[in-house]
Every structure is written in C-alpha cells, then in structure tokens.
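Q: Residue numbers (my numbering), protein chains in the order written: chain A, 1 to 238; chain B, 1 to 241; chain C, 1 to 297; chain D, 1 to 330.
Watch out, some of these pointers could steer you wrong.
To be verified - With a straight-line cut-off of 25 Å between C-alpha atoms, the simulated DSS-like cross-links for lysine-lysine are:
#1 Lys-199/A - Lys-180/A
#2 Lys-79/B - Lys-179/D
#3 Lys-163/C - Lys-120/A
#4 Lys-180/A - Lys-120/A
#5 Lys-133/D - Lys-266/C
These are calculated hints, taken from the structure and not from any lab test.
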Amino acid sequence: MSAQPLLRVEGLSAFYGDLQALYDVSLDVHRGEIVAIVGANAAGKSTLLRSLSGIVQWTGRLSFDGHDLQKLRPHEIVELGLIHVPEGRELFPFMTVEENLEVGAYSARARRRVVASKEKAFELLPRLRERRHQLASTMSGGEQQMCAIGRGLMACPEMLLLDEPSLGLAPVIIQTVYRKLVEINEAGTTILLVEQNLKAALRLAQRAYVIENGRIVLEGRSEDLRDDPRLTSAYLGR
Amino acid sequence: MTAFLSVENVTQRFGGLVALDRVSLSVEQHRIHGIIGPNGAGKTTLFNIIAGVFPPSDGRLALGGEDITRFSPEQRCAKGIARTFQVPRPFNGLTVLDNVAVGALAGSSNVAEARRRAAATIELLEMGEHAGNLASSLTIGLRKRLEVARALATRPRLLLLDEVMGGLHGGEIDRMITTVRRIAETGVTVVLIEHVMPAIMSLAEIVTVLDQGRVLATGTPGEITRDPAVIAAYLGDEVAA
Amino acid sequence: MGLSPATVDLVLASLLLGGLYVTVSIGLSLVFGVMRVMNFAHGEFVMLAMYAVYWAYEAGGIDPYVAGLVIVPAVFLVCVTVLRPFVLWLVNSPPLVQVFATLGLSIALQNLALLLWAGNFRSIRTSYSNTLVDIAAMRVPLTRLVAFAVAFLLVIGLHLFMKHSFFGKAVRATAQNRRTARLMGINVERIYVLVFALGTSIAGLAGVLLMPIYSVHPGAGFQLALIAFVVVVLGGLGSLPGAVLGGLLIGLVEVCSGYFISPSMKQIVYFAVFIIVLVTRPAGLLGQRGAEEVGLK
Amino acid sequence: MTGMFRIQLALLAAPMALALLTGDSFIHDSLTQVLLWGVLALAWNILGGYARQISVGHVAFFGIGAYTSTLLRIGFDISPWLGMIAGGLLAASAGVLLGLITFRLRGPFFTMATIAFAEVLRILAVNLRGLTKGSEGLTLDSTPNAAMFVFGSLRTYVFVAWVMMVGLFLLSWMLGRSKTGLRLLAFREDETAARSLGVNTYRLRLLAMGLSAFFTAIGGTFYAQFLLFIDPDSVFGVDISLQMALISVVGGIGSAIGPIIGTYLVVPFGQVLRAELGAQLAGLHLVVYGLGLIFVLWRMPDGVWPTVERLVAGFSRRGAGGAAKSGTAA
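The following block holds chain A by itself, in its conformation from the complex (with noise of 0.2 Å):
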C-alpha cells in the first residue's frame, strides 16, 4: 500500500440532532481501491457517507487528499472531487436524464468538460444515451441507477462514495451495475461502496469494513471476510 491514503478517517463520530449515529469509526481508502461497508440496516453506513460529504454533523478528522474536511461546506468538498451518489439515486425526477447529467457537472471543476464528461458517460452507459430526453423519474430502477453513477462521473471524481447501489435491483441488473462500477475503477477512479448486498459487495471490493450499530466491528481483506463465520451470522442470525 502506498504510504498516503486518499481518504482517511480518525475518530468520526456523527449526530442527527442529538442522535448519535456513529461512534469513533476510523478508516483509510487508498488511491485506486474499491472499498466497501456493509453492514445491516441503520447500522450508520450511509451516514458514513454523508458525513464524508457535509451533508450531517459530525467530529472526528477526515482527511481527503490532504484536505482537512472539518471547514468546508458540501459544495466545497465537491470540488475536491469527492462524489456522493446517494441511497435511493435521488434524482431529479422533473429533470430529463441529459439535465440530470449536466447538473452533475455543476462543480467548477467539471463544468469545463461538460461536453466531454458526458460523451464518457454515454459510452460507458450508453442506455443513458437513448433516454437522455426521457424524464428521469420514468425510468426503471435499473435505469435510474445507472443514470445516478453518470451524474456522479460528470463531477470528474477523484473518489466516488456509492450508497446501496443494488438497492431494489433484480440480480441480473446488479451484476450490469457492477461490471460498471469495475470499468470505472479500472479508469482510474477509487471507490468506497457502501452496500447491504454482502456477497456481491464482497466480490467487488478488494477490503472491506464491516459495520454494526455505528461501530465498525470487523475489517479485512475481502477474500478473508468472505467465509468469516462472524459475518454470516450477524446478518442470518444463525
């Protein structure tokens, strides 16, 4: 492993309002990596994630790409290149599929290579390309998702944080989701993948964490964790 991680995490707590979510998680994601979270519901995943992108309060330091996070505002952070693509795609249903991808491309940094972002975008997603005039809130789920990994790829990522990815999708549509998410991998950006779906998550990622009511409670190698008694057990109960 390289001697500087990309994102590093030291003691993050986070709260909603007085509601603790998470407690004292420390993680590191390196240049390149897939890393993954899972994790039952609620356990604090996606809060993780909003923490990361200032979007809930917390304390703790994080560090991405040798900037302090503790200052800056969500937008700010975007422009680090540091990318939430939300739990539930959250797109803007009104919005056509080619707008969705161009607000995507809000940033300063991103809107430069608008034209450019989304003609990769349409290449590596080319069902977009067919909706693009579409409203995005028509679309299947599959669709919509793939539509929410664009958006988040006309930011230019360095990083992109991916909430529950699979969520609602049949397997055959997971599996077209993933072999993407390794295309844009293998491109040259990193990713933390916050997911339920163990196995397929597991698959992917090259390590993972692995958390339990707002602490994370084991961590690993993949192929490690993957036959892990303790892992199958907080999730099946037996």
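Once you have looked at the hints, place chains B, C and D on chain A.
A: Quick look at chains B, C and D alone, frame taken from chain A:
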C-alpha cells in the same frame, strides 16, 4: 385456523414502478408473524398499506372478515390495528406519559384516566423512570420503546411493528424481544417487519419473505433459513465481478 | 361566423391585463417554487417600485421606463445585500415563522410608503400617457402595449434561462431535491438568495410597468399580492407556465366579469374562481399533485 | 407550578383592578380596547395556536358578528345580547364551511384562502348596499340601555370585556386540559402519528375552526356596541386579522395565557407608538410594529411566554412531572 388479517392479491404501483406485485398473506390470530426481505423488497410499502397510509392500487385487505381496504388510519385504529413507525415519530413537545396517553384517549372518559392507563403501559415497557421527560430527550432505543408503548395504549388486537429493533444495541434488542413476546402473550397478534435477523428468528412463529415486491417464501424460521432462494435473496447473489 | 368587435375588444383587454398580472405573479411563483416560502410581502415590492417611479418622475422628471433601468437592478442589489440574512433565515424557518415574518415585512414596507408619501393616490402623466396605438382595427394605449411586450419577453427569457443555462438547471435541481443538489456541488444558499433577488426584481419590474397605467397608494401592494396568490394557485404552485396561464385567465375573468356583471364585483368573481380551484384542483391547473413537495419543474 | 399560576392570576386580574382604581376615561377606553384584543387573540389562538392552522382572515368572523347583531338590532329591534349569539353561530357555520372547503390546504395556502374569504366578505359588505348601506356604515342608537348592550359608563364596558376575556381564557385553559386538547397537541406535533393513534384530525380541525369563529364573532358584536358605528373597512379590514394573529404569535401560541401576554405587550405598545408618533409621522408606528414582529420571531420563535417559562423553569429545576412544559399548561 382462519386468517385474522388477510392480504389478498395486493398490488402497489408508484408511477411506472411496481413496488408490490400481487402479494397475498394471511396472519393467524395470537401469532407473531414476521416479514423479512432485503432493502427495497416492498416491506415498508406493504406495511403502509396494512396501516392505511394509502390504499393499494389493487387487491383487498380484511381484518377478522371485515373488508378494511379503504379505511383511514384512524378508522383502522378504532378497529384494533395499531402501528409503530420505522423512523420514530414521537410528539416531541409532549412528555412520554402524554405521548402514550394520546393512544389511550379513545377508550378513556377523560385525560386523567388516559394518563393512568398510559402509566400502566409505560410500566409494561419498563420506561417508568422516563414518564415525565419530554419525548425529544429520549435516545433512539427509548424512542423505539415509546413507539411500541403508544401503539399498545390503543389496546390493539393487531400490532404492527416496523423495524423496532433497527438501530438498537445488543442489550436493547434482547429487552425488546422480551417485551414483544410479553405483548404477544397477552393475546395481541403481532406482525413484525424486521431487519435484525436473530431477533426475528427467535420471535416469529411464521415468517414471510418478500423480494422484488413478491412473496418469495412463507414458513417457520427454520424452514426459511434453509431455503436456498431466501439465502440467495438475502445475502445477495454471487455476482461475477 | 365573424368575431364581433366587442369580443375582440374583450379578448384584447384581457390579454393586456393578463400580461400585467403575469409580471406581478411570476416572481412570487419562482420564489415559492424554489424556496417553498410564500412571500406575503411580494406585493409591497411592486408598490415600492411604483413609488420609486413616481418619485423619480416628480422630483427629477425622469421617464418611468428610464427610471426602471435603475430601479430593477437596485431591488436586486438590496436583496443580495441587505435582505440576504433575512432570506437565509426565512428559508430555514418553520412555516409559521415564514408566514409571519413575511407578513411583518409587508406591514413595515406598506407603512414605510405611508410615512414617505402619505396615503393619497398618486399617479403620473407623461407625454405618452394618452397615446393610442392601432392594432388590427383596435386602439390600444401605448403604456399597456409596452407592459404586455415586456411581460412577453420576460416570460420567454425566464423560460430559456431556467431551461438552458447552467444556473437555471441548478435552480431547478435545488427546487426538486435540496439535499441532493448540495451533493452536486451547488451552493444552495447562494441559489436561494439569487432566486429571491430575481423574483423580487421581477416584482420591481412589474411596478415600473404598472406606474404609467395605474395610480399607487400604500395599500396597492396588498391588493396586487392577493391577485398574485390567485394567479399562482390557479396556474399551479411553483409552475412558471402555470403562472402565465393563471395570469391570463385572471385577466380574462376580471375583464369579462367587469363587462358582463359589474366592475365592483370582479374581485368576488376571481376569488370565487380561486376557491373553486383550491377545492377541485389544489395543485392548480398545470401543477402536479403533490407539487408542494416536489417543487419547480 | 404555583408560581406560574400566581403570575397568571395577577395578569388576569390586573386590568380590572386598574379600572376600579382610576376614573380616568382615557384609561378606561384604552383598557376596553386591550381587553377586546385579548378576546380576539384568544379566539384566534383556538385555531391558530391549538390546531396550528394559521388564519389571516379571522376578521371575516369578526365582521359577521358585528353586522349580524347590528342588523338584527336595527332591523328587528332584537337585543344585541341575542344578536351576539346569533352572530357567533352564523360565524361558526361559516367557519366550518370554510374549513370543509380548505381542509386539504396546508401552510401558506390555508392562510391565503382565509385572506381571500375575508376579502370576499368585505367586498360584499361594500356592495350589498340594500343590506349594509355599503361604505356609509351603520350607526346604532347610543341611548344607554343595558338590555340593548349600551352602557353609560366606560367602566361597564371594561367590565364586560374583562368578563369575556377571562371567560374565554378559562375555556381555553379547560380545552387545553381536555381530551380534545391532548388530541390537538398530538395533531400539531405530528398529524400522521396522531391519526395512527386514532385521532380524527379532520373533525378536530373543524371543531377548532367553529369554536374560534364563534368567539371572534362575539368580539365583533362587542366592538359594534362599543363604538356604536360599523362600516366594511373597520370590521372587515385585513389589519384586524393580522393583529389578532400577531398578538398571539408574540405572546406565544398554543397556551391560554400566551395571547393575553401578547395583548398586554402589543396593544399598549401600539397605542403609545401611535400617540407619540402618529400625529406627525403617520405609519411609523406600524413600521416599528412590523420590524418588531420579525425581531420577536427571530429571537423568540415560540413567543414571549414560552421563553419566560423556560427561563423560570431553568431557575427552579424540580424535575417533577415536567407538566409545565407539556404545553397543556395554561
């Protein structure tokens, strides 16, 4: 045994999206019936339809033989259906006691009586020491218990619990399991939607598994955990990356 | 069957009036669509702009439309500087506070006008006040024609701006999903302030266009705001095409009820229309159901 | 609790005590106005505070009350005491009807609909000259006659207004402690949760609307009998609606004492401002008013009373019951 709550061919569409596809389910009286499934399987949609948040696009609901498909939430409450909310919705400006007393109002002649009944329910949920505190000051674990207390105060025949274990610590989960079991022993039928698998395996007598808006399997917990289709749906398919 | 001159007359009068109402209302609709704040002081900005035109003309002999070139940018400037903290506080406040804070602003501005210009009706007479223009055998006052033309250009311009500019897309994104807009790198606070300034400047523009036609008094803003509410609800909450349709419809309703029933009852008629629309289509004619949650399209 | 209770008693008794201590007719006149605003703010608070439906059209009910009793008195020689009840019932019916029409509207849309409703009534009152004499207004016989709700002494008006305000305060207080009060609290905290617990929120809103309209109309009759002259602008003007709401918001909505505190702060403040500034600088007092409202909303979004209550509770932490903060406390 006849079904106490029966869900017949319920379909729910949101725009072009089919969230539930001809789901049928029957809950027998005095049972704890679990509903599980991966995220996005349609559990919450099904729950909302049973609780009356919106009517289904198609299909029918019956409670004790009576058609309740088009009943409003307050009518369902009067018929003996009570629910909790997955993300707790306490009345923040009210004390814990008054929160529960709202649930007890229907069967009481005045507020004092409702508060007395609420106090008893609060004891049952082992949160007596918090009765005078504002609901907004509670931790997540206590908010979940408050949800249950409030619903229970309406004296339901059918109690719908929506992920009451979610976000709880180990010890809290054990307490909640004991509580739900105790409630069921008083003769209340319980429908439990849950993500925390150990909890549902130890509580539920019958489990229905939803996936992609359809019923994947129904059976005892033992049968369910051995069903290969369920394992695939729940742990996720082996995806060749 | 040919159209009778009276019919043409009515339609033309409706269009001209409707165009004015569109200008008065569209800023309110824009602000509501993006910020989910109903600005009860919107009419007062129209009224103050009318007074500004009056004052410039009376004190300096400045032509109303020339004064507008200064007044409209000035309104914008006031919004992004003096009112900026107010706007940001407003957008993050509960609905009750939003209603009363904008009502409080409305009371203050209305009485500021009373303080500065007293309660009388004020109007201006320019060299072209009585100029009529011939269109298709009809004679139309020049000032009304100017107002209509500007309204027309405004609507087209605003539509193109919202549809095709990067900023316009960011505005729509913010309206449709505030939190996700942040994740796109949009400085949502900046959008709110600019949209409020834009919507309020359009109110100022409306004042500039109205002053050569009507007289002004401190309560005029409230009367105009009432019309704007009707227009916005009628057309569809937060929908810009809806505001255009609503404005034209209310123009038609007002002209026709004035002509066929009685001028004093025209307000009753459009309030009746307002109540009927609220009951039958709460989201308005062009609004989507649940548009209150979804926002600007 | 007893400390707070004593404060409330003192606040209620103060205006009557002042009226008995002085014979100054200017003070009696001011007190009558203050108490009338207290009645109106309390009435508004039943809908705006307890049910959180923000109406800025309540002057509609005020005008209905004023015109009903006045027209009955002039046309049929019916005592305004009876006319007051008739006006109240008519206003309550109008309120329920308005509620039925607007029950689907939320937030500012409900507010807008109430403004429109009041404007419709104002325009009707101006235009139905056969009935209302339009802008000319209606004048009542000023011969003192208690049976006809006309008194020779200003102090009697103070007393009647005081009885009305205290009565409505007690009613609000009891409403707050009743089953309906608890349901209303639940409704305004979270409608979805309240409905799931069996609260029929639709019926609740209509009830609040009806009660609120009834008592507002009673205030309208009192106003007509106090001034013995009404016209559309004075009893259907939107500024009355605004002030009713504003007083409650400043004092603290949703409690029985809040609107009274608001009345004591806002009305004399307005009277003094008008007396000091009104003559040479018309409008300045209302500029101060508007900005003052924004200031209160900014610093004390819950109003003055809850803020004071919190301060007092902070001094005497007793931890018992927490009833003082449950909101049912008057």
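Q: Are the Cα positions of Lys-199/A and Lys-180/A separated by 25 Å at most?
A: holds, 17 Å
Q: Given the hint that Lys-163/C pairs with Lys-120/A, test it: the Cα-Cα distance must not exceed 25 Å.
A: holds, 23 Å
Q: Run the distance test for Lys-133/D versus Lys-266/C: straight-line Cα separation, threshold 25 Å.
A: Status holds; Cα separation ~20 Å.
Q: Is the Cα-Cα distance between Lys-180/A and Lys-120/A 25 Å or less?
A: holds, 13 Å
Q: Does the structure keep Lys-79/B and Lys-179/D at a Cα separation of 25 Å or less?
A: Holds: Lys-79/B and Lys-179/D sit about 20 Å apart, inside 25 Å.
Hint compliance for this structure: no hint is broken.
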